[in-house]
Structure formats: structure tokens, C-alpha cells
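**Student:** Could you build the full structure based on these sequences and the hints that come with them?
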Amino acid sequence: MPLHEAMPSEPRITEEPNCLLAPAEEPGPSGSRAGIALALLTIYLVWGSTYLAMRIALGGLPPFLMAGVRFVIAGVLLLMVLRLRGDPMPTPRQWGGAALVGLLLLGGGNGGVVFAEQWVTSGMAALGVATAPLWAALLAGLWGEWPVRREWLGLALGIAGVVLLNLDGGLRASPLGAAALLLSSVCWALGTVWSRRLPLPAGMMASAAQMLCGGVILLLMSLLHGEHPHGLPTGRPLGALVYLIFGALAGFSAYVYLLPRVRPALATSNSYVNPLVAVWLGALLLGERVTPPAVLALLLILGGVALTVLAKPSQRGK
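Residue numbers (my numbering): 1 to 318.
Hints listed in this document are in silico derivations from the structure and should not be mistaken for laboratory results.
The beta carbon of each residue, even a glycine, is placed where N, CA and C say it ideally should be.
Among these hints, one or two may not hold up.
[Unchecked claim] With beta-carbon atoms standing in for the labels, derived distance ranges:
id : residue 1 : residue 2 : range
1  : GLY86     : LEU220    : 29 to 39 Å
2  : LEU284    : PHE246    : 14 to 24 Å
3  : ARG33     : GLY144    : 24 to 34 Å
4  : LEU224    : PRO92     : 24 to 34 Å
**Tutor:** In C-alpha cells form, the structure reads like this:
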């Protein structure tokens, strides 16, 4: 997914607290906004469909092992492609930054979600992830990047929509699953904000390094947790794992592409759309009925995303 060709390929690492650049601040090449829009569409649709895929894949592998295999394979494949086209390997300092981001985004973020899905519904998992933009906006405030008024309103509308989307399910979850979801959202948000201030490889090599490091961390978590597969996955679990590898390559690469180019609240706005995609997939593939509250939730969710997208960086700090 050559999204990096639409924007400058090398993100700037700076210590300045106002380094979170948005397209409205400095208009880039003519294709820059289109590249950001394509990356957002990718994380909206691909990651929205992975809730169902993770649920199916858990039928063949335990959670941390499944997630670790997914990201190690995806990271190795992307690293091989980049090396074949001549991209340099990360420096030791960049590997360190990638390991820290991989720990937060994948070890804590994705690992928490897949661990929680052993007990909670897909809707509840989506609701937990939907808090990531709020955490990201608040954590960005530690570096002087407080959300603007329109972003606060967008965050409130988006979370309200996800809550409404899940009301029919009663929002029931085990305490352990709920705690895992909370930890997942905080880790993902912290990784989102902190990654912009760490030394990372240029372009798509950042995706490869972070997926590889995060995958190894997840495999270590699987070992420490004492997970034991009952055999190699076959049938639907195997197909779901293959799709998850594709989702890791496309979705995570698009997400890493967005991090140096948009505000944290927009980078994590997929948390609003992903639950909607998951619900509609359930209706199409499993025959689940779409209720009037779900339609209202759709309006709230998309309204929240629109407000987040349209927030002006020039208003920041007011």
C-alpha cells in the first residue's frame, strides 16, 4: 500500500510540543489530502472487519499467540519487501523506538483487545477501543496539545454513538475483560502520542519494525502466560488468521503513516467507525438485525468523526 508516495516519506522527530502537524497548517503537495483520506478509509474498513476475524481466529489459536504470529509474519513480509527495494535497515536507536511503540500499540493495545475478546462481545470490545481518542487527546495535553472545542464535541458525539450502538447488548463484560479493554485503550493512546517524539525509521520501515517488535513482544507474552495451542489452525480460523495478517499490513501501515501528519484525535477516529463496520458485517454475514438505535448511532458516530476531521489546528490552545 504505497501511501507514503502521496506525502513526504520521512516524518520529522522533534522535541517541540507543537510538532503534531495537520494538513491545514502547511498545505503539502496536491495529493497530500487524498493520501490522508485513503489512509483513514483503510483503517476504518480494514480494522473494522478484524473484530469478526479475531473472534473466528480465536477458535484455532490462543489470543497472544495468535496476535504474535499475525504481527511477526506481517512485519517480516513488509521488511523483506522494503529491503528488496533498497530501504535501509533501522539503526539501533530506531529499533529501540520501534520496540517501545510496538509494546504500546501492539503488546498493550492489540493484545488487550484480543485478550478481552475471550469474554466480551465484539460490540463491547469496540466500545472499549472507542475511548482511545479521548485518552489520546488528554495525553497530548501533557505536551501542550489540548483538544480544541470542536474536537471535544466530536469526541463526545462519537462515544455517545458507540454507547448507543451497544445498548441492546447490555454492555455486559467480565471485570477482567473490561480491565483489559481499558488498559488497551490507554496503551494505544499513549503509543499514538509518544511515537511522534521517538526516533523511528523513515516511511514504511517504521511499520515493519513496529510490527516485528510488537509481534515478538506478544509471543513473549504468550510464553509467559503459558498459552498452548491445541494444533495448527485449519479451516475458518486459518482463513481468519490470513486475513488478519493482511489487515496488519494494510491497516497498521496506514495508521503509522497518519501519526506524523494528523492530530491524535483524528489518528484514532477509526475507533468510532470500526464498531459500525463490525455491526454491519454481523448483519450481513450472521443475519443480525439492524435496529433504529443503530441508525441513530450511525449519525452520531459519523458526526463525531466529521467534527474531529474539521477541527482547525489554528484554534489549538484556545
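**Student:** All the hints need checking, so say for each whether the structure fits it.
**Tutor:** Evaluated hints:
no.: 1; hint: GLY86 x LEU220: 29 to 39 Å; result: 31 Å, holds
no.: 2; hint: LEU284 x PHE246: 14 to 24 Å; result: 19 Å, holds
no.: 3; hint: ARG33 x GLY144: 24 to 34 Å; result: 26 Å, holds
no.: 4; hint: LEU224 x PRO92: 24 to 34 Å; result: 25 Å, holds
Hint violations for this structure: none, all hints satisfied.
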